[in-house]
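Sequences are here, hints too, so could you generate the full structure?
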Amino acid sequence: MFEAFKIDPDYDAYGVPLDKMDPVHPALFANDTLWPHFERLRKEDPVHYTENSMAGPYWSVTKYEDIMYVDTHHELFSSKATLGGISLGGVPDQDNEFSIPMFIMEDPPKHDAQRMVVTPMFLPKQLVGLEPLIRERAGQILDGLPIGEEFNWVRSVSVELTAQMLATLFDIPQEDRMKLILWSDTSQNIGDPEYFETPEEGFQILFDCVNYFQQIYDQRKTEPPKFDLISMLAHDESTNNMSPQELLGNILLLIVGGNDTTRNSISGGVLALNQNPAEYEKLIQNPGLIPKMVPEMIRWQSPVAHMARTALQDTELGGKKIKKGDRVCMWYISGNRDKDSIDNADKFIIDRDNPRQHTAFGYGVHRCVGNRLAEMQL
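Be aware that the sequence shown starts at 853, since it is given in this note's numbering, and climbs by one per residue.
Heads up, some of the hints might be wrong.
Stated by the list, open to error - Taking lysine to aspartate or glutamate pairs in the EDC-like style, the calculated list, with each CA pair at most 20 Å apart, reads:
no., residue 1, residue 2
1, Lys1144, Glu1131
2, Lys895, Asp1195
3, Lys1175, Glu927
4, Lys1173, Asp864
5, Lys895, Glu1098
6, Lys1144, Asp1205
7, Lys858, Asp884
8, Lys1173, Asp871
9, Lys1172, Asp884
These aren't lab readings, by the way, just hints derived from the structure by calculation.
And the structure:
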């Protein structure tokens, strides 16, 4: 099906007609050759329409200010799954037995009601209480690393820390923590033939996930409310009567949000320090730079490359006329390299004056609910 869309990932971004540019192509990301494509779009066509793409026709929004506008105007740009959802590639079949609804793919008021159920877990007063635990676990993980020999940082540190914290937030046994990682990875790769021979193989793993959490969810409905994510879902009127599919969707949303993006930022941040020895030396000489370094790592890594929306009405953005029903893609990864909004945006600088000026967590009602927890783990 996708044979017609095969490309040379090293092709010259400035050597093709502008209307042929298709930045969503996975080969550009797999080969890390995406940067000149977004650079050209920011310069020449910041709100760019791609008509012929493996993801279908869509608009690319590549500048910081335009991304912020789309993200903060949910009344114009919808996240609803029934209209296309938050990823490019088609409209899910809501009647399909494998459809997985989740509140991130809803608009207000349903989105707000369900999001507010779990928000208390991520309030500053709660995170203050988690800080000693995070420090203790991070210290234990680092102290246990081998010295003088190679090891897998992602598996030994990034995955391990996020898995331990997720198990704590769900109040499940630590010995089950790697199940969370399996379910997170499965949900993100279920259509990848290099990951699963058939989608059904991945769906079976997700059935195991929903069975696991359904038992806990039902049990906690019968118990007094506690301060963990499953108990919160079980006792709030907005979420205490979810179908197994909706429970799975919202659980996966919380797992992926707490695992995939955080571990990628931890790993990408360490890689950036290794690739920029002068910045690493700054850190060694002044550990007090850590509060600035952490958001810079997140900006630089941009763990969520994009989010998509669907136009609810005819509107205009960046001088372009967007029609009702058009798919609109906010390229966070491009906004974080926008030199018009971020000084020296193409450089990794751990002592920036305004390091929180980035698009990595999104804006508006869909801003990442766990952004402060992610920063604490970094």
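Hints versus structure:
1. Lys1144 <-> Glu1131: Roughly 12 Å separates the two Cα atoms, so the pair holds.
2. Lys895 <-> Asp1195: 16 Å, holds
3. Lys1175 <-> Glu927: The hint holds at about 14 Å.
4. Lys1173 <-> Asp864: Violated, at about 28 Å.
5. Lys895 <-> Glu1098: 42 Å, violated
6. Lys1144 <-> Asp1205: Judged against 20 Å, a Cα distance of about 8 Å means the pair holds.
7. Lys858 <-> Asp884: Holds, because 16 Å separates the two Cα atoms, which is no more than 20 Å.
8. Lys1173 <-> Asp871: 16 Å, holds
9. Lys1172 <-> Asp884: The given pair, whose Cα atoms are some 29 Å apart, is violated under the 20 Å limit.
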